[in-house]
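Keeping their order, the protein sequence lines are chains A and B. Everything in the first sequence is counted per full-length UniProt numbering, starting at 1 for the first residue and increasing by one. Everything in the second sequence is counted per full-length UniProt numbering, starting at 1 for the first residue and increasing by one.
Hints were generated in silico from the structure; no laboratory data involved. There could be a bad hint or two in this list.
[Stated by the list, open to error] Label pairs and their in silico Cβ distance ranges: (1) A:Glu87 / B:Trp27: 26 to 36 Å; (2) B:His252 / A:Met157: 39 to 49 Å; (3) A:Ile40 / B:Ile204: 35 to 45 Å.
[Said to hold, decoys possible] To list a few chain A residues with every Cβ distance to chain B over 12 Å, as calculated: (4) Leu74; (5) Leu77; (6) Ile123; (7) Gly180.
All C-beta atoms, glycine included, are put in the ideal place defined by N, C-alpha and C.
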Amino acid sequence: MKLGFLVDLNLCMGCKGCEIACKVENEVPLSSWRLRVKYIDIGSFPDTSRSFTPLRCNHCENAPCERICPVSALHYLDNGIVNIDSERCIGCAGCMMACPYGAIYMDPESNTADKCTYCAHRIEGGLMPACVVACPVEANIFGDVEDETSQISRYIMEHQGDIQVRKPEKHTNPMHYYVGGGNNTLNPQAHERIEGYGLFNNITKLDQIGAPNHSILDRFLDPIFGNHNDHLTNESFIDMPNGNGEHAEDSDDKGGH
Amino acid sequence: MDHVSTIEATKAIVSMDVALPGIIWGWMITLNMWAKSIGTGVILVGAFLLYRHKHEEMPSLRWTMPLISFIALNVFLFFTLIDLHQPLRMIHIFTHPHWTSAITVGAWLASLFLVLVSIMMLTSFFTHFSEFRKDCAVAKAVRSKDGLYEKVFPFTVFLAFPVTMYTAIIMSQSAARELWVPGAELIQMLLAAFMVGSASFILIADKWSDSVKKDLAMVLGFSVSFSFIMYMGEYFFSYKAAEVEATLAYVHAGGEYFASFWAAMVLGYIIPFFITLRMSDNRTMMKFAAVTTFIGLYLVKSTWLEIPQMIPLS
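The following block holds chain A by itself, in its conformation from the complex (with noise of 0.2 Å):
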C-alpha cells in the first residue's frame, strides 16, 4: 500500500475548508500550517484570474527530511506516510532545512518540528484525512496509488498527461499529484511577491522559530520545570509582535518568503 493525494486544481475553488479543517483536526498553532491554499493572481486588469493551489507535505517515497532527521523522528509508515514522533524530534530543524517543499514548520507550543501526517490517526481508525472530508467539490482525492481499482489510481489513470508533481528536478518522488496545475501554481519562483497587494494588506511573518519569547534558557529548564508559555493560547499569538505585523518589515529586510 501506498497513500497517495492528488489534487484537481480545475476544481478547487479556493474556500479554504481543507486549510481549516486541518488547523482544527491537528490543532495546528497560528503561525504555523500543515495545509495552505496559495492564492496566485494572474494577468493584468481586466483580464485577471486567480488559481488557488493546496499545498502541504508530499510524502516523497525519497524524502528528504527522513534522511537528514539525525534520530529518526521522520520515519516512514507501511503505507508510505512519512510520519513524525514529535516525542523523539531534538529540535535540530535539520528537516526543514532539507524539505524543497518548505513543508515543515517548528511547532511553537512544542518546539518540535511538524507537518502534514496524511491525518495518520484518522487513517488508522479507517477515516478519511480532515481536508478531503471537507472539501466541498472533491478536488482532494486521497488513497492507494498501487490499487488500481481506488479512486486516486483511476484518476490518474484518466487523467494521464495533466499529472503533475512539484519540482520533479529534486528526485524526491513526491506522492502527491496535481491535475490542472501549471508554472504558476506549482513553481514558487515563477510570480512576483509584492507584498501589501494581496487579499490581506499585512502578511505576518516569522521572526522566530519555535515558541516567540522562548529563551535558549528555557529550552534547557522547560522539560524539566514545565513550559513557561503554558499560559498561551491561540489567541495570545494575535497579542504577540508577529501577530499584529508591526515586524513586517523587519522581516521583510531579511529577504523572508
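Position chain B relative to chain A; hints supplied.
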C-alpha cells in the same frame, strides 16, 4: 474570538496562510562551523608543522595545539547544543541514531574527536606544567600516561578530516538549498580549517623559529587564495538551479548580504593574502592578517549559510 473581530479590515491578520519562517539556521550554526574549523584546523596545521619541523622550533606547540582545539570544540558543541529546540534530547542522537543523517555521523565523529583531543590536552598540559597540582593524585596519574599523547595523535589527525568536512554533507542533504554544492563545500570546509588553524598559531608563534613562521604564512596564504578562488567561482560562474540563480542575482545587484559577502572577501581573504605574500616577516602585520582571517571567515560562513535560506520554497 471577540478580540479578532475588533481588528480593522485593512489590518487583517493572515493566520491560516502565514508565510514560512525566515532564517532557520542563523548565527549559532555559523559560530558552530567557525569554531569547528578552529578546533580541527589547529590539529591539521599542527600535524603539518610537526612533520616539517623539530619540536624545539615550536616549544609550546605540544600543549597549545590540543588546548586551543579543546576550547574551540567546546564552543562548537555548546552552540550546536543550544541551537536545538529540545537540547536535553541531544542524547537521542546516541540512543536512537539514524545513520543516513550526516548530523548523526558528525555528532558521533565530533564526540570521539573531542575525547581524543581531551586526552592530548590533559596529558600535555600536566606534563608541561609539571609543578601544577604536583601532589594531586589525578594529576600524577595523568602525567604517568604522557605516552598516550603520541599514541592518539595520529588517530586525532585522521579524524580531524571528517570532523572538518561532515558539515558539508549536512549542507548537501539540505536538498532545498542548492547553493551548497557538496564537492565545493567539502574543500571549502577543509580550507577554512587550514585558514584559522594557521591563523591561531600565528597569534602565539612569537617564540617559534622563523622557518615555522614562514610555513604558517605559506599555509595561510595558500588556503585563503584557494578558498577565495572557489568562492568567486561559486558566486559568479557555477551552475545553479533557477531558484539559487534568482537569489544570487538579488545579492549581486546590491541586495541583502552583498556588503557582508564582500567585506568577508576583503577581510578574510584579500588582506591576509597580500600580507602573507608581501609582509610575512612583519609579526604585527601577520597577527593583523590572522585576526582579519578569523573575522572574514565568520562573515563568509554566515553569508553563505543564510543566502540559500532566502529562497521561497512554496
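Enumerate the violated hints, using their earlier numbering and listing them in ascending order.
-> Violated hints: 3, 4; rest satisfied.
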